[in-house]
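Engineer: Make a model of the complete structure from these sequences and hints.
For what it's worth, my numbering labels the leading residue of the sequence shown as 23, then goes sequentially.
Treat the hints with care, since some could be wrong.
Claimed, not checked - Using C-beta positions, here's what the derived DEER-type ranges look like:
hint : residue 1 : residue 2 : range
1    : Glu-98    : Met-51    : 31 to 37 Å
2    : Leu-96    : Ser-135   : 40 to 46 Å
3    : Val-115   : Arg-147   : 46 to 52 Å
Keep in mind that the hints were calculated from the coordinates and are not lab data. All residues carry an ideal CB built from backbone N, CA and C; glycine is no exception.
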Amino acid sequence: MIFALRGVAVSLSMAVILYGCLLLLVFSMWRRIWHAAQPYSPRFCANVLWWLRLAPLAMAGAVTFLFAVPSFVLLEPHGVEEAIGVMPTALGVCGIALLLAGAWNGALALLRSSRALKRWSIAARTIGSAPVDCNRSVSILRSLSAAPPLTAAGIFRPTVWLSATVEAVLSERELTSALRHEIVHVRRKDNLRKLILRLVAF
Numbered sequence: 023m024i025f026a027l028r029g030v031a032v033s034l035s036m037a038v039i040l041y042g043c044l045l046l047l048v049f050s051m052w053r054r055i056w057h058a059a060q061p062y063s064p065r066f067c068a069n070v071l072w073w074l075r076l077a078p079l080a081m082a083g084a085v086t087f088l089f090a091v092p093s094f095v096l097l098e099p100h101g102v103e104e105a106i107g108v109m110p111t112a113l114g115v116c117g118i119a120l121l122l123a124g125a126w127n128g129a130l131a132l133l134r135s136s137r138a139l140k141r142w143s144i145a146a147r148t149i150g151s152a153p154v155d156c157n158r159s160v161s162i163l164r165s166l167s168a169a170p171p172l173t174a175a176g177i178f179r180p181t182v183w184l185s186a187t188v189e190a191v192l193s194e195r196e197l198t199s200a201l202r203h204e205i206v207h208v209r210r211k212d213n214l215r216k217l218i219l220r221l222v223a224f
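Structural biologist: Listed below in structure tokens is the structure:
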């Protein structure tokens, strides 16, 4: 039991240290990379910054599971009843706190989205559908409330919502352009991307 706890503490300590260092590196390079990406398309810039934001967590997790955990299991003596130590314990607690904070942020975002969809669904009706790709389409729903003006909602079964007010205010051409914009969000799975960013605590 002590061996397992010590392994968890050491692994989480490694992850926290590596994550913190990589996070500082990314933040120090953020503005330079943003300026370097400006000549390229907005989609390319968004993708680069999204992956850059997730890189510290992904790399820290990969190094921890591929190197730190196997090294501890293979090289650390199993029979030695060694104390865990203050520093690994503190860093391990920080690692657990990071994981819990990310899970809390993600769960809170899902809960708020679910409540919003429930409000919008009152007296809402489907007014059409639009193709996302060759295999699937997305439903377009009109909400009688003022919100949402126009948005894509959902991850696994996405829908596009618009309010009756927006439909009345926009011209047919403007509405078509706005709907196309939301379809692109669905095609790129931007809601899933936003949720993943919520899971990154810092």
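Engineer: Checking each numbered hint in turn, tell me which of them this model violates, lowest number first.
Structural biologist: none
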